[in-house]
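Undergrad: Take a look at the letters that make up each chain.
Protein chains: 2
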Amino acid sequence: MHPLDTAIALTSAAPGQFSGQTSPAYWNMVGPFGGCTAAQLLQAVLQHPDCQGEPVSLTVHFAAAQQDGPFTIQATPARTNRSTQHWILALLQPGADGQPQLVTTAMAVTAQRRKTWSASDQPMPRVAPPSAYAQAQVAGDFKPPWFSRYEMRPIEGAIPQKWDGADHGSLTQLWLRDAPARALDFPALAAMADVFFPRVWLRRARLVPAGTVALTVYFHADSALLAATGKGHVLAQARGQGYRNGFFDHNAQLWSEAGDLLATSHQVVYFKE
Amino acid sequence: MHPLDTAIALTSAAPGQFSGQTSPAYWNMVGPFGGCTAAQLLQAVLQHPDCQGEPVSLTVHFAAAQQDGPFTIQATPARTNRSTQHWILALLQPGADGQPQLVTTAMAVTAQRRKTWSASDQPMPRVAPPSAYAQAQVAGDFKPPWFSRYEMRPIEGAIPQKWDGADHGSLTQLWLRDAPARALDFPALAAMADVFFPRVWLRRARLVPAGTVALTVYFHADSALLAATGKGHVLAQARGQGYRNGFFDHNAQLWSEAGDLLATSHQVVYFKE
Chain A
1 MHPLDTAIAL TSAAPGQFSG QTSPAYWNMV GPFGGCTAAQ LLQAVLQHPD
51 CQGEPVSLTV HFAAAQQDGP FTIQATPART NRSTQHWILA LLQPGADGQP
101 QLVTTAMAVT AQRRKTWSAS DQPMPRVAPP SAYAQAQVAG DFKPPWFSRY
151 EMRPIEGAIP QKWDGADHGS LTQLWLRDAP ARALDFPALA AMADVFFPRV
201 WLRRARLVPA GTVALTVYFH ADSALLAATG KGHVLAQARG QGYRNGFFDH
251 NAQLWSEAGD LLATSHQVVY FKE
Chain B
274 MHPLDTAIAL TSAAPGQFSG QTSPAYWNMV GPFGGCTAAQ LLQAVLQHPD
324 CQGEPVSLTV HFAAAQQDGP FTIQATPART NRSTQHWILA LLQPGADGQP
374 QLVTTAMAVT AQRRKTWSAS DQPMPRVAPP SAYAQAQVAG DFKPPWFSRY
424 EMRPIEGAIP QKWDGADHGS LTQLWLRDAP ARALDFPALA AMADVFFPRV
474 WLRRARLVPA GTVALTVYFH ADSALLAATG KGHVLAQARG QGYRNGFFDH
524 NAQLWSEAGD LLATSHQVVY FKE
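Just so you know, the sequences run in chain order A and B.
Throughout the first sequence, residue numbering follows the numbering used here, covering 1 to 273 in sequence.
Throughout the second sequence, residue numbering follows the numbering used here, covering 274 to 546 in sequence.
Do not take every clue at face value.
Claimed, not checked - Covered stretches of chain A, going by a simulated chain B footprint (3 or more residues, C-beta under 8 angstroms):
| id | stretch |
| --- | --- |
| 1 | 1 to 11 |
| 2 | 23 to 35 |
| 3 | 174 to 186 |
| 4 | 231 to 242 |
To be verified - In silico DSSO-like cross-links for lysine-lysine, where the CA-CA straight-line distance does not exceed 27 angstroms:
| id | chain 1 | residue 1 | chain 2 | residue 2 |
| --- | --- | --- | --- | --- |
| 5 | B | 388 | A | 272 |
| 6 | B | 388 | B | 416 |
| 7 | A | 231 | A | 143 |
| 8 | B | 504 | B | 388 |
| 9 | B | 504 | B | 416 |
| 10 | B | 435 | A | 115 |
| 11 | A | 162 | B | 388 |
| 12 | B | 545 | B | 416 |
| 13 | B | 545 | A | 115 |
| 14 | A | 272 | A | 143 |
| 15 | B | 504 | B | 435 |
| 16 | A | 115 | A | 231 |
Note that these hints are calculated values from the structure, not bench results.
Here the structure is a predicted model, which means the values were calculated and not measured.
Cβ atoms here follow ideal geometry from the backbone N, Cα and C, with glycine treated the same way.
Can you make the complete structure from the sequences, with help from the hints?
TA: Printed below as a string of structure tokens:
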């Protein structure tokens, strides 16, 4: 079983109630890799018996530190329209007093995708194929387990090898796929939208404390396009926007190797100093 | 009283329960201007007696068509940390059966902003001052009331004057402020993040049915920066990303006339054909 499938395996004892377990394979420094949490939340939507259509949008708010261990996801189809469905999600864990505590909140939209005029104003950057780039070397100070769950081939803006305060800009481009390779689906794509290390580390070459507060993924790919992408590489790009008084944001794009825009993403991140 | 202040006036009869009324002044074609709804939801957070800090993020999901008339907003501080607070919001209106129906869902983050290293990777585009550009002429087919609540001075990518199928790209830049002028605050800034007509109209010069499904605003400005901006103009920019099978997204930036990045925004929009 692929580690991602193990990580997003959920059991359901009651309608809209899902039980899961944090994944050691996708552990980050002091909590789970946020992309894995996003994938678990999306998986709850997709496993829900009332789910209609395919994911269009997912927004995850990392409200509190998640502990290692079991968790519960509540997935509620708050509104079902003719062709769109709006979801409210909550991830809970037992608190110090044993009572369920809200750890993560999320909202999602699923929809029937119908063939329409389509286009992209985010053409894939012109880069060489994945084989032209070496696999990422992790920095000595930053080697969380989840990092090994991806084959990453940085093109530009790899994690700084020296924390020397140099300005590296904030653009990262890399070829990316699950390790071991796994056919792309919506949870995997949601997770990939969070692979970018904090832009402030790249921008300042300083390993300051930082953590994602809120993450959004818009899915442009439907299941047919994901199937066509298969186990191929994904070109992932992120760029910072504003950094001010403790928070910064970035926007990101993910393309198939064939050049189709699969997803766009944004996140706002807390940082210190 | 400024029309925006009238529009976002909420009364609270119980903790976290707010009552408001849709605004004829900010009416769109078949429902309220989504920016006004975003401002009302944010106002509920700001008026909540337990609110800590200032807005960092707001995500609004337009789950169902909102009717003209009264509404209720439920604002819940789902998690309060040392320096961040996570909010869950719901806007309800009586349904056909008189029972409250969920119309809009939202999540927000407020936080204590502390002075840190700050920078921008979205420098303001080099454009002439507001007085150099004429006020927007509305297209014959598109003149909703809310459009008159803003002074808009398009620089590039104004709403097409002819629906002739020409490709205008998807970039819009305009100088923007409330009409009449009003000192900028968080609800006003949230509303401004939604002033962009659907990118698909500009991209195709076709007036196809379109409606925002989900909108996110990240606030880079704190109240001190908003106060410094005052009644000045805001430079607003939006650009489409992907358009595929019934949905497209855009990202947007808003700067003060002094060149400070005030907010970034993203939305995913349903479109037909």
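Undergrad: For each hint, tell me whether it holds in the structure or not.
TA: Now the hints, each set against the structure:
Counting residues of the stretch 1 to 11 of chain A whose C-beta lies closer than 8 angstroms to any C-beta of chain B gives 0; at least three are required, and the coverage claim is violated. Only residues whose beta carbon comes within less than 8 angstroms of a beta carbon in chain B count, and the stretch 23 to 35 of chain A has 0; fewer than three means the coverage is violated. Figure legend: the stretch 174 to 186 of chain A, annotated as covered by chain B; annotation inconsistent (0 residues with Cβ-Cβ distances under 8 angstroms, at least 3 required). With 4 residues having a beta carbon nearer than 8 angstroms to a beta carbon of chain B, the stretch 231 to 242 of chain A meets the requirement of three or more and the stated coverage holds.
Note on residue 388 of chain B and residue 272 of chain A: the hinted pairing holds, with a Cα-Cα distance of about 10 angstroms set against a maximum of 27 angstroms. Using a Cα cut-off of 27 angstroms, the hinted pair residue 388 of chain B and residue 416 of chain B is violated, with the two alpha carbons roughly 43 angstroms apart. Our distance criterion of 27 angstroms between C-alpha atoms is met by residue 231 of chain A and residue 143 of chain A, whose separation comes to about 25 angstroms. A hinted pair counts as satisfied when its Cα atoms are at most 27 angstroms apart, and residue 504 of chain B with residue 388 of chain B qualifies at roughly 24 angstroms.
With a C-alpha separation of about 25 angstroms, the suggested pair residue 504 of chain B and residue 416 of chain B falls inside the 27 angstroms cut-off, and the hint holds. A C-alpha spacing of about 26 angstroms is found between residue 435 of chain B and residue 115 of chain A, which places the hinted pair at or below 27 angstroms, so the restraint holds. Between residue 162 of chain A and residue 388 of chain B, the direct Cα distance comes to roughly 26 angstroms. Compliance with the 27 angstroms bound is thereby established for this hinted pair. A distance of roughly 20 angstroms separates the Cα atoms of residue 545 of chain B and residue 416 of chain B; the hinted pair therefore holds under the 27 angstroms criterion.
Straight-line distance between C-alpha atoms of residue 545 of chain B and residue 115 of chain A comes to about 10 angstroms, which keeps the hinted pair within the 27 angstroms bound. Our distance criterion of 27 angstroms between C-alpha atoms is met by residue 272 of chain A and residue 143 of chain A, whose separation comes to about 20 angstroms. Pair hint residue 504 of chain B plus residue 435 of chain B does not hold up; C-alpha atoms about 33 angstroms apart against a cutoff of 27 angstroms. Of the pairs offered as hints, the one joining residue 115 of chain A and residue 231 of chain A holds, with about 24 angstroms between alpha carbons and a cut-off of 27 angstroms not exceeded.
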